[in-house]
Amino acid sequence: AQKITQTQPGMFVQEKEAVTLDCTYDTSDPSYGLFWYKQPSSGEMIFLIYQGSYDQQNATEGRYSLNFQKARKSANLVISASQLGDSAMYFCAMRGASGAGSYQLTFGKGTKLSVIP
Amino acid sequence: EAGVAQSPRYKIIEKRQSVAFWCNPISGHATLYWYQQILGQGPKLLIQFQNNGVVDDSQLPKDRFSAERLKGVDSTLKIQPAKLEDSAVYLCASSFTTVASYNEQFFGPGTRLTVL
Chain A
1 AQKITQTQPG MFVQEKEAVT LDCTYDTSDP SYGLFWYKQP SSGEMIFLIY
51 QGSYDQQNAT EGRYSLNFQK ARKSANLVIS ASQLGDSAMY FCAMRGASGA
101 GSYQLTFGKG TKLSVIP
Chain B
1 EAGVAQSPRY KIIEKRQSVA FWCNPISGHA TLYWYQQILG QGPKLLIQFQ
51 NNGVVDDSQL PKDRFSAERL KGVDSTLKIQ PAKLEDSAVY LCASSFTTVA
101 SYNEQFFGPG TRLTVL
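Taken in sequence, the protein lines are chains A and B. Position 108, counted from 1, in the first sequence is what our numbering calls 108; the numbers after and before it change by one each time, with no gaps. Position 20, counted from 1, in the second sequence is what our numbering calls 20; the numbers after and before it change by one each time, with no gaps.
No lab work stands behind these hints: they were computed from the structure. Some hints here could point you the wrong way.
Partial list, derived from the structure: chain A residues whose beta carbon lies under 8 Å from chain B [said to hold, decoys possible]:
id: 1; residue: Pro40
id: 2; residue: Gly43
id: 3; residue: Met45
id: 4; residue: Tyr64
id: 5; residue: Gln104
id: 6; residue: Phe107
Even glycine gets a Cβ: it sits at the ideal position worked out from N, Cα and C.
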């Protein structure tokens with residue numbers, strides 16, 4: 001069974017500062033992928049960044065970077081130069097094989113980020 | 001390209017009534033997912049289709065929930081009869097294929113269901 005844990009229900013960050021959102025995971029699969037999604041108040045899930053379990057380098061996408069520490073089973077999201085539009089829920093998710101032979105996403109409970117002007 | 005479309009965006013019903021949600025995935029996407037997101041939680045997969053076949057419905061409450069994907073394109077999720085605990089946002093997502101290691105799912109705007 002796969003599990004994603006996000007221990008920060010809410011976070012505050014000053015505009016233009018960097019913030020780290022924590023994510024730890026548990027899986028017995030040797031091959032898996034880790035995703036971060038942003039969910040604004042409008043409700044749509046927006047893909048931010050992906051890290052494969054065999055990727056040698058940490059993923060980066062613009063202001064987003066993923067601090068992947070495989071031995072510690074953590075995949076923290078770092079947002080640099082926070083903007084007011086970054087205020088939203090952030091979900092960490094893991095892609096792995098399901099018991100039915102397909103691939104699925106398992107989501108954490110999310111972290112609500114509030115950017116302060 | 002057009003994103004994942006869902007309708008309706010909002011629905012309010014009384015318990016024991018039935019309700020249906022519609023999803024149109026991104027053109028060419030073979031895999032379609034329905035998720036249930038209860039307030040304060042992350043999305044939970046209900047059912048996964050590959051083309052018009054069910055790949056996984058292990059978390060679908062089959063006594064009251066049903067879903068179909070005729071012709072491998074649009075999909076409908078139905079709840080009959082609804083219970084209070086079904087109040088949630090129902091998200092539809094699609095992806096090109098499940099086979100690739102990088103399986104980005106594209107989500108629709110969701111349908112917010114309130115059961116009174």
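Hints, verified against the model:
Of the supplied interface hints, the one on A:Pro40 is violated, with its beta-carbon coming no nearer than about 11 Å to a beta-carbon of chain B, more than 8 Å. Evaluation of the A:Gly43 hint against chain B yields a held restraint, the C-beta minimum of about 4 Å falling below 8 Å. Restraint check, A:Met45 versus chain B: the minimum CB separation of about 4 Å is within 8 Å; hint holds. A least Cβ separation of about 14 Å between A:Tyr64 and chain B goes past the 8 Å threshold, and the interface hint is therefore violated.
Residue-level restraint check for A:Gln104 holds (minimum Cβ-Cβ distance to chain B is 5 Å; threshold 8 Å). At a threshold of 8 Å, the smallest CB-CB gap from A:Phe107 to chain B is about 3 Å, leaving the interface hint in force.
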